[in-house]
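Produce the entire structure from the sequences given, and follow the hints as far as they go.
In terms of my numbering, the sequence shown opens at residue 1 and continues consecutively.
You can trust all of the hints, since none of them are fake.
Pair by pair, the computed Cβ-Cβ distance ranges are: (1) Lys91 <-> Thr166: 32 to 42 Å; (2) Gly278 <-> Leu246: 19 to 29 Å; (3) Arg30 <-> Gly165: 56 to 66 Å; (4) Ser14 <-> Gly51: 53 to 63 Å; (5) Glu99 <-> Gly51: 35 to 45 Å; (6) Ile43 <-> Gln243: 42 to 52 Å; (7) Lys207 <-> Ile43: 35 to 45 Å; (8) Gly280 <-> Thr259: 15 to 25 Å; (9) Gly278 <-> Lys224: 34 to 44 Å; (10) Asn222 <-> Lys197: 14 to 24 Å; (11) Lys221 <-> Thr44: 53 to 63 Å; (12) Glu112 <-> Phe286: 17 to 27 Å; (13) Gly219 <-> Gly278: 29 to 39 Å; (14) Asp231 <-> Gln275: 40 to 50 Å.
No wet-lab data here; the hints were simulated from the structure. Idealized CB from N, CA, C, for every residue including glycine.
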Amino acid sequence: MASSDPGNDPDKMSKKDRREHMREVARLRREEELKRKKRNRIITQISVVVGSLAVIALVVALVVNTTAQNNRPGPANMLSGGIQFTGAAGKIEATKTAELKAGATPVAHKPEAGKTNVVLYVDYLCPLCNQFEEANIDSLKDMVGSGEANLEIIPISILDRLSQGTKYSTRAAAAMACVANYEPNGFLDASAALYAKQPEENSSGLKNAEIDKIIRDSGVKNDKITQCINDGTYNNFVTSTTQQALAGPLPNTDVPKVTGTPTILVNGKQYSPPQNIGWGNTNDFFKFVEQVKAS
Numbered sequence: 001m002a003s004s005d006p007g008n009d010p011d012k013m014s015k016k017d018r019r020e021h022m023r024e025v026a027r028l029r030r031e032e033e034l035k036r037k038k039r040n041r042i043i044t045q046i047s048v049v050v051g052s053l054a055v056i057a058l059v060v061a062l063v064v065n066t067t068a069q070n071n072r073p074g075p076a077n078m079l080s081g082g083i084q085f086t087g088a089a090g091k092i093e094a095t096k097t098a099e100l101k102a103g104a105t106p107v108a109h110k111p112e113a114g115k116t117n118v119v120l121y122v123d124y125l126c127p128l129c130n131q132f133e134e135a136n137i138d139s140l141k142d143m144v145g146s147g148e149a150n151l152e153i154i155p156i157s158i159l160d161r162l163s164q165g166t167k168y169s170t171r172a173a174a175a176m177a178c179v180a181n182y183e184p185n186g187f188l189d190a191s192a193a194l195y196a197k198q199p200e201e202n203s204s205g206l207k208n209a210e211i212d213k214i215i216r217d218s219g220v221k222n223d224k225i226t227q228c229i230n231d232g233t234y235n236n237f238v239t240s241t242t243q244q245a246l247a248g249p250l251p252n253t254d255v256p257k258v259t260g261t262p263t264i265l266v267n268g269k270q271y272s273p274p275q276n277i278g279w280g281n282t283n284d285f286f287k288f289v290e291q292v293k294a295s
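This is the structure:
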């Protein structure tokens, strides 16, 4: 049954009641609009606060991660910034050392009297380093294995600018630091394998998974190396070692600093081949070694 109350039907209201009714409707609409705006303002404020907290959390996480990276010690067996090999009776062994504490100065190996002490500063993107490696590493290993020489390899990263932003030089050197830490006696084989697959300069270089596969295919088996490579565990160590090499002074030599790779030191004397011969000439290098030994 329909209601007969004229207060519920604007058509049956008096002119005065209709005006009051319209004012009341307008008031209610204004109140509802004010409430809506207030709700939206609160939502916006909450969103801003939540967004700010998310940004703060991200910044804190980045700071914590960066701090952890900066405070991480270097790899075991690279206290000098590089890894040294000695030998006897045909057997080559990596020299075991403690980790280099974060921010600490590298501790150089003391040259061993009566031996030829060879130090190589190398970059795994450097084609001249590859030429030297291919021509001379086997003969150097023979010298080390016979007890005639000690060999130290110091991987640095001066060619990151030539890998399209991927920092291949740093990643490759850091991967070799992982090998030094977890499986040091596999370092020489892994290093040779990485040179054999060396990417071209001005390319993006190899991906971490490719570096890891090359190292594993060389015979290195420690499972922790994969995670070490993927985490960039020793990236900062490589950067620090590189900065120290570029700034100098270099230990056990009058050569003030590294100005390019390879930098080859034999009993503290720097080897630089004649320009017309290049870095891949075995006879020229070992002629230099004999000259240094005789001096």
